[in-house]
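Number of protein chains: 2
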Amino acid sequence: VHILLIAHCSRQESSNIEIRALTNRLRQLQSPFAGIECAFLEIAEPSIPEGLQNLIANNVSEILVLPYFLSAGRHVLVDIPKLVAQVQLEAPNVVIRIVPYLGAAEQIDQLLMYQALSMLKSI
Amino acid sequence: VHILLIAHCSRQESSNIEIRALTNRLRQLQSPFAGIECAFLEIAEPSIPEGLQNLIANNVSEILVLPYFLSAGRHVLVDIPKLVAQVQLEAPNVVIRIVPYLGAAEQIDQLLMYQALSMLKSI
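Line by line, the protein sequences are chains A and B.
Using my numbering, read the first sequence as starting at 4 and increasing by one per residue.
Using my numbering, read the second sequence as starting at 4 and increasing by one per residue.
Same shape as in the complex, but just chain A (with noise of 0.2 Å):
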């Protein structure tokens, strides 16, 4: 299984860099996957079909999608699964999910307060 981690970009480079080496470090963190790439939702490269259909070129056939956003908006809710039911047609004996978003984890609350209570210390 391999993860195909989904950021917006941004026109600042510096940003699109944050993700590449956020990519890197999941990397080298102990897990169960064969492989960690990111892809781009605008402008930057890869972009999520090139970025699904590099992992399927190298003959992988599970692929987790992981999106990199806060909010449900529309993002989220209609580009990322219209982007991947259309890579999915052509590859249909892939198997693609899309895990919840980030901001749909529970632990987001708490590592709002840490975020919080760490500048608070920090003073």
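Honestly, I wouldn't trust all of these hints.
Copies of one chain are not kept apart here, so a pair can be met inside one copy or by any two copies together.
Pairs of lysine to any residue, SDA-like flavour, derived with a Cα cap of 25 Å [said to hold, decoys possible]: (1) K85 <-> P95; (2) K85 <-> L123; (3) K124 <-> Q110; (4) K124 <-> I99; (5) K124 <-> A75; (6) K124 <-> E48; (7) K124 <-> Q33; (8) K85 <-> F72; (9) K124 <-> Q113.
Hints are computed from structural coordinates only; laboratory data are not their basis.
Since the structure of chain A is provided, determine the placement of chain B on it from the hints.
Positioned in the frame of chain A, the structure of chain B alone reads:
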């Protein structure tokens, strides 16, 4: 010390409801914060200046601005600091600090991996 949670705002009203629900859940966590409010960078209300001004009008003297953003794009690097600085100019006696954006939290890596692993287990 009060928290002002800042989100981008989505054209999907459900996504803004999500932020208000998150704000409510944060209020229910045990914390040293006297109050937690939210504000939006675009479209939805209150705006960031309004959110800050509402707190200041209620005699809040210390505010932590907590950006609910994953990437250090223009919003995090430029827009939020600029809006905060404008309010700070008008209220020099209020201490307003910007907490590092959520995506800067080290635990994000583990949380992403956890989301992917949860999906794998649920199959």
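The hints, checked one at a time:
Only within a single protomer do K85 and P95 lie at most 25 Å apart by alpha-carbon distance; the minimum there is 15 Å, versus 49 Å between protomers. Taking the shortest Cα distances, K85 and L123 sit within 25 Å of each other only across copies (22 Å), while inside one copy they are farther apart (42 Å). For the identical chains of this complex, K124 and Q110 are neighbours both inside a copy (21 Å) and across copies (18 Å), given an alpha-carbon limit of 25 Å. Taking the shortest Cα distances, K124 and I99 sit within 25 Å of each other only across copies (15 Å), while inside one copy they are farther apart (43 Å).
Proximity of K124 to A75 under the C-alpha cut-off of 25 Å is restricted to the inter-copy arrangement: shortest distance 23 Å between copies versus 32 Å within a copy. For the homomeric pair K124 and E48, neither the shortest alpha-carbon distance inside one copy (39 Å) nor that between copies (30 Å) is at most 25 Å. For the homomeric pair K124 and Q33, the shortest alpha-carbon distance between copies (16 Å) is at most 25 Å, but the shortest distance inside one copy (31 Å) is not. For a Cα distance limit of 25 Å, the shortest separation of K85 from F72 qualifies both inside one copy, at 16 Å, and across copies, at 24 Å.
For the homomeric pair K124 and Q113, the shortest alpha-carbon distances inside one copy (16 Å) and between copies (23 Å) are both at most 25 Å.
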